[in-house]
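Top to bottom, those sequences are chains H and G. The first sequence: position 242 = 241 (numbering that gives the first Met the number 0), numbered continuously. The second sequence: position 20 = 19 (numbering that gives the first Met the number 0), numbered continuously.
Among the clues, some could well be false.
Stated by the list, open to error - Listed below are several chain G residues computed to face chain H (Cβ distance under 7 Å; list not exhaustive):
| # | residue |
| --- | --- |
| 1 | 32 |
| 2 | 60 |
| 3 | 220 |
| 4 | 231 |
| 5 | 405 |
| 6 | 409 |
Stated by the list, open to error - Some chain H residues flagged as far from chain G (calculated, every beta-carbon gap over 12 Å):
| # | residue |
| --- | --- |
| 7 | 74 |
| 8 | 97 |
| 9 | 104 |
| 10 | 143 |
Hints listed in this document are in silico derivations from the structure and should not be mistaken for laboratory results. Glycine is no exception: its CB is placed at the ideal position from the N, C-alpha and C atoms.
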Amino acid sequence: MAYALQQLINGISLGMIYGLIAVGYTMVYGIIGMINFAHGDVFMIGAFVALIAVLLLSLGGVMDGPAAILLVLLASMAVTALYGWTLERLAYRPLRGSFRLAPLISAIGMSIVLQNYVQISQGARVKPLEPLVRGGVEVMRDGPFVVQFSYVQMLIIAVTLAVLAAFTLLVTRTPLGRAMRACEQDRKMAALLGIDTDRTISLTFVIGATLAAVAGTMYLLRYGVIDFYIGFLAGVKAFTAAVLGGIGSLPGAVLGGLLIGLIETFWSAYFSVQYKDVAAFSILVLTLIFLPTGLLGRQEVEKV
Amino acid sequence: MSRTEDRRSQARPAAGESDRPRQGALIALKDAALSALVALGLFAPMVGLRTDVAPSGGLYLRTRWADVAILCGIVFMLRLALVLWTGRRGLQPSTAPRPWTLWLQKAGRFFAPALLAVALVLPFIPGVERYELDLGILVLTYVMLGWGLNIVVGLAGLLDLGYVAFYAVGAYSYALLALNFGLSFWICLPLAGILAAFWGILLGFPVLRLRGDYLAIVTLAFGEMIRIVLVNWVSLTGGPNGISGIPRPSFFGLSFSMSGDPDTFAGYFGLEPSPLHRVIFLYYLIFALALLTNWVTLRLRRQPLGRAWEAMREDEIACRALGINITTAKLSAFALGAMFGGFAGAFFATRQAFISPESFTFIESATILAIVVLGGLGSQIGVAVAALVMIGGFEFFRQFGEWRMLVFGGAMVLIMVLRPRGLVGTRTPSVALGEKRAIGANLIGEGRG
């Protein structure tokens, strides 16, 4: 029981990170119908910028405290947003309205570029960071086993919920959110009604990158070890989460992320660590066999 | 096409004739300055501040502002040159015929036979050494994989991101059958193909109902699952250490050993024993396998099955309404594509004599898919050209060391931005009334499966 509770806490905090990345995938997919394969690497960039920001702050003498973490988060969000914007501008905008596979290949190319860019500029070695936030709350004690709800995990859950709440407000209540939803429904019609679709799509990428930056920062705080390759696996998992929840659906992405996080954690805890990815993928395949558009996805009406 | 034209005319400033150059230069300067500013924002944290691991284990920052300045300068100059050269419209993707397209089309008629002839005599061209032959084998392997995937993606229009799984199945089938049962390469080759095709069908079944990107992620998941199993099933596959000592193929029972005995290749034909013989043999082996893939594809395109694939790619619902069995068409496309992947895998195993899960990562699938799309979906010659450009070019950039992958990825983006329909912009329709004429690639569907 205590063990399961601990896994639940771990799984939710991991799932939150996946969910944040998955939202970026699903937003881009909803609005322009392409898989942004480089999104996982944008997450990796976010983690690296956060690492650099942490080191800069420690040079400046500010070591810990909520203000430092907030600064790191903001720095990572700002720089990563710029990366997201540039990515869209360079690799996807010229291909707008082109056929479906061209942006996909372009995205895979961009993913290779980003990975190798970071490998060259920051080195291939794994970067270990001393944990910034230590300690936690003891939730339950079962004999020698102590269920620990660490401050980092609390931070992850709190920050993710706050960011997602802000994001939901943005999408449902602001003019930009309305423009985004309009573009998602019918881009041509939205353009006819005076929405600057190019700008809206750019901002979608910027917002997606910002969320990925939050995920990257949280990943750095939680695991403390990053390298240039973390983006691939996290990206694939998050994409799986987005598809599991129904690609294009924002609540679906978060739900899918949580599910993937929980499946992975529980599988590694009770069965085998080696096959945790196989478990996550198997659930995906099984879900899609019975619900071909994911858990919360809309059935697309297709006409000849 | 018309959209492109619209944008171009919009972008031109409506100023007087005399103002235009100066204004253009000003706009270009402003534009380039903005780009440089963005570049500063991008590079200042990531390039300017390098995190290094100190000997004590902690991290410290090292600044490299000079590099940032150089990079921003490069971005500034590039953007300036680009804007001045193209006007404000920037780079435009194009599938439209260019002036030189017609000339290229004429030359294209001789291009494929010429390429084939060069490939045929390559081992005997003076100056071609071991290195060039090895590169030729590598390129031909990718040509074959590209042609195999082309059946699934280019003809049937099913986006497969896990093609490398079948390559892995072929390679491991050959290695395990040859090592455990002592079967020869020539028996294992068809077996590897059959096993891979079987896996193609097995993985094809669950995805029959899926469309578009759902299909893409599931195929990707299958590819990763097979790799994870290969890594972890240590008792069968040797895990991350892989399998070594895989037997080499023989030439009608004659081995390629250096002893010069009568039962070796060199001894039987009275040649000087040379390690080059085996390389040349492997070269022709993969050449023949690749040609087989091409031939089967071309023949199938004329048959009901191939036509059903292409109809399915153009419109699945209409195709179903016309009474074509979609299940058969999809599964056969997966099976045939997988079979050729399996052949290529068996060849890969026998050539390397060592395989490990390292060789079957997602990047491999992405490379093969990139070759198919960069060459031009459904175009056989396009795939060959793209394999030559990407794999050959990749080797060419060897001296760049770690920059090589960066250039590789950048080239993928650039080719797609400039030629979204691939390097070869025309397709030959499988069926035509009267004379077959090359048509624009944008007239061919891309499939939604």
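Against the structure, the hints:
no.: 1; hint: 32; verdict: violated, 16 Å
no.: 2; hint: 60; verdict: holds, 5 Å
no.: 3; hint: 220; verdict: holds, 4 Å
no.: 4; hint: 231; verdict: holds, 4 Å
no.: 5; hint: 405; verdict: holds, 4 Å
no.: 6; hint: 409; verdict: holds, 6 Å
no.: 7; hint: 74; verdict: violated, 8 Å
no.: 8; hint: 97; verdict: violated, 4 Å
no.: 9; hint: 104; verdict: violated, 5 Å
no.: 10; hint: 143; verdict: holds, 31 Å
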